[in-house]
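This is what each chain is made of:
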Amino acid sequence: MTDNTAGGDVRLAGISKHYGSFTAVHPLDLTIPQGSFFALLGASGCGKTTTLRMIAGLEEPSTGTVSLGDREVTHLPPYKRPVNTVFQSYALFPHLNIYENVAFGLRRRGVKSVKKQVDDMLELVQLGQFAERKPHQLSGGQQQRVAVARALINHPQVLLLDEPLGALDLKLRRQMQLELKRIQTEVGITFVHVTHDQEEAMTMADTVAVMNGGRVEQLGAPAELYENPKTTFVANFLGTSNLIEAEVLESGSDDVVVSSAGAKLRLPAGRCSTTPQAGGKLLVGVRPEKISLVHADEEDTIAAGRNKITGTIADSSFIGVSTQFVIDSPVCPELEVYVQNIERDARLTPGARVVLHWNPDHTFGLDAAQAIDAGIETVEESA
Amino acid sequence: MRTPITWLRRNLVVIAGLGTLAYLILPNVVVTVFSFNNPTGRFNYAWQEFSLDAWKDPCGVADLCGSLSLSLQIAVWATIGATVLGTAIAFAMVRYRFRGRGTVNSLIFLPMAMPEIVMAASLLALFLNMGIQLGFWTILIAHIMFCLSFVVAAVKARVLSMDPRLEEAARDLYAGPAQTFLRVTLPIAAPGIAAGALLSFALSFDDFIITNFNSGNTVTFPMFVWGSAQRGTPVQINVIGTAMFVIAVLVVLAGQTIGNRRKKAQPK
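Residue numbers (UniProt numbering), protein chains in the order written: chain A, 1 to 383; chain B, 1 to 268.
One chain only, chain A, in its complex shape (with noise of 0.2 Å):
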C-alpha cells in the first residue's frame, strides 16, 4: 500500500444508512482534514458507531459515498482499505499470542520481515516484554494497547478507534487518552475516536462533531462547540449549561435585550445562533463556571452592567476544588452554579438569599423552538 503516505482528507458525502425502516444515520456531510484528531461524540445509538464502520467498510452505506483523499473508496471491502479500526472490547484474536496478533495486518498484506515492525512498534506501547503472551494474559490496558499497535503497524490513512477506552476504568482511562494523543502527534496518522464521553472528546480531539438521532447537531473545536453551542442538546450534552426562558426586548446589532421573571439580562447578538425579533422568545444560556455568587446583602458591590439574578440557595455540595450550589430563581427553578474555593463566605448556605451575577458577553442565545431538556437525559443514560 504505496498510497498511505500520499494520506488526503476522509469525505463523507450525502452518507446515510437504513435497517429497514429504521434510519440510523441520516444524510451526512462530513470532511475530516488529514493528520487530524476527530472525534464524533453522542449517546449511545445515536449513529456514531455506524458512520464509523461505513469508514472502515464493515457496513454499506444505503445512500452516499466515502472517499479516502481522491480516491472513492464506498464499495471496496474493508481488506482492500487503507484504514484500521481499534474494536470496542479490542477484539484481540484469542488464538494468537500478542506478537502474532500485531504481525496479522502484515503478514496478510504479504510483508515478509516483519520482525523488526513488530518489535518496534510492540516498543512504542511499551509491551516488548509480552509479545510471546496470549491476549487472555493481559490487563485490559495492555490489551487495548495491544489492539492499537495492531491497527498502527500497518500504516492506515485513516485509524478509527470505536469507543476504545470504554472497559478501562477511569484512572487508566485518563492515562491512555494522553497515551493515545501522543501516538496520534507522534505518527501524524487521521484518527477518528468514537465516544460518548465529553470529557474524553474534549481532552482528545481537535474537532468533535457531536452526533443526535442519526444527525450532526454541531461540528467545531471543542472550545467553540463548549462556548457556542447552537443546539439545546449540544448545550446540554457538553458540560451542564443553565437555560432561561426569556422574552426578547430589544433586538440591536450589537446587543440583544431580553427579560425572564422580572429579570433583565443582556447579551451579545453574535452569540445567537437564531435572530432574535423583538417580542419574541428566546433560550438565554449561561454555564455554570461563569456565574459568580454573592449574598443578597452585597448585593451593592456587583459592578454595573453585569446580568443579574436573585434566588435562593436550594442545595449545595462541596467537591474540593469547587462548590457546587443550586439555585432556585424565578426564572428557572434549579441554576447551577460552580464556585472556585478560594474564599468561603459561610454565609453560602441552603436556605440563603443570593444573587448571582456574570459578564454578559459569557451569554448565548438559542432558538426557543426546541426542546430545553435534550440531552440531559442521555447523558444520565450513559454515564
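No wet-lab data here; the hints were simulated from the structure.
Be a bit skeptical, because a hint or two may be false.
Simulated coverage check for chain B against chain A, where a stretch passes if three residues somewhere in it have a Cβ under 8 Å from a Cβ of chain A [claimed, not checked]:
no. : segment
1   : 7–18
2   : 173–179
3   : 182–188
Selected chain A positions facing chain B (in silico; Cβ < 10 Å) [to be verified]:
no. : residue
4   : Ala56
5   : Gly57
6   : Pro78
7   : Thr85
8   : Ala91
9   : Arg107
10  : Arg108
11  : Arg109
12  : Ala147
13  : Ala151
14  : Asn154
15  : His155
16  : Ile302
17  : Gly305
Just some of the chain A residues that point at chain B, by a computed CB distance under 8 Å [unchecked claim]:
no. : residue
18  : Leu58
19  : His75
20  : Phe87
21  : Phe93
22  : Pro94
23  : His95
24  : Tyr99
25  : Phe104
26  : Gly105
C-beta: ideal position from N, C-alpha, C; glycine also.
Following the hints, complete the assembly by docking chain B onto the known chain A.
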C-alpha cells in the same frame, strides 16, 4: 486429624472421587485381566491361568480383524462426513437467516432424542423401499446421519460464543474472506469441531443397533462381538478392547502433557 469424623469430613471429596473412578474403571480392569486368560472352554468367564497367547495372535479368530478394520474404516469416513457437514450446518444456522431455519434447527437434534431402535427400523424401511443394497454404504449413511447432530451441537455452541468482531477485525486487517475463515474463524471454532469429530468417531465405532438393522451381510466389530457372544467369547476380543482402552488413555495423557508444556513455555 483429631478424630476420624473430621478426617472423613476433610477427605470426603477425595474418597468420593476415588470411589467413582473405581466404579468406572473396574469393568476395564476385568476386561484387561481376562485378556491374559487361557480359558478351557469356548467361554472366557472363569480365570484359568496366565497366558500371552491371545496377545501374540490377536487376529487368530476368523473374521475378527476384518470386522475391526471395517469398523475403523466406517468410523473414519463417518467422522469426516459428519464433521464437514455438521460444521457447515452449524455455521449456516448461527450466521444466516433463511426459510426453514427453525425447522432444521429442531429436526437436526431429533437423532439425539429418538430411540435408536426406532431410527434403525425406519432407516431400514427407507433403504428397502428405495431398493438400496444393504452393506458398507448404508451403514456409512446411517452413521453420518446420527453423528451429524452431535457435531452440530458441539460446533454451534462454539460459533455462538464467538465474538463477530474477531472476523471483522480480520477483514479490517487485510484478510480476504478465505483468509479470514482459515486464519481466524476455523482456529477459534477448532475445539468445537474436534469435540464433534471425537464424539462421532466413538459413536460410529461402537454403534450396534442401527448398524445391525442396516448392514445386510456386512459384519462390523460390535456385531462380531455380539455374534460370538452367542457361541463363545474368544480372548482376542478382550485383547482388542484392552488395546483400545490403552490407546485412548495414551491419547488423553499426550494431549494433557502437550497442553501443560505449552503453559509452562509462557514467560512469567
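Checking against the hints above, which ones are violated? 1, 15, 16, 17, 19, 24
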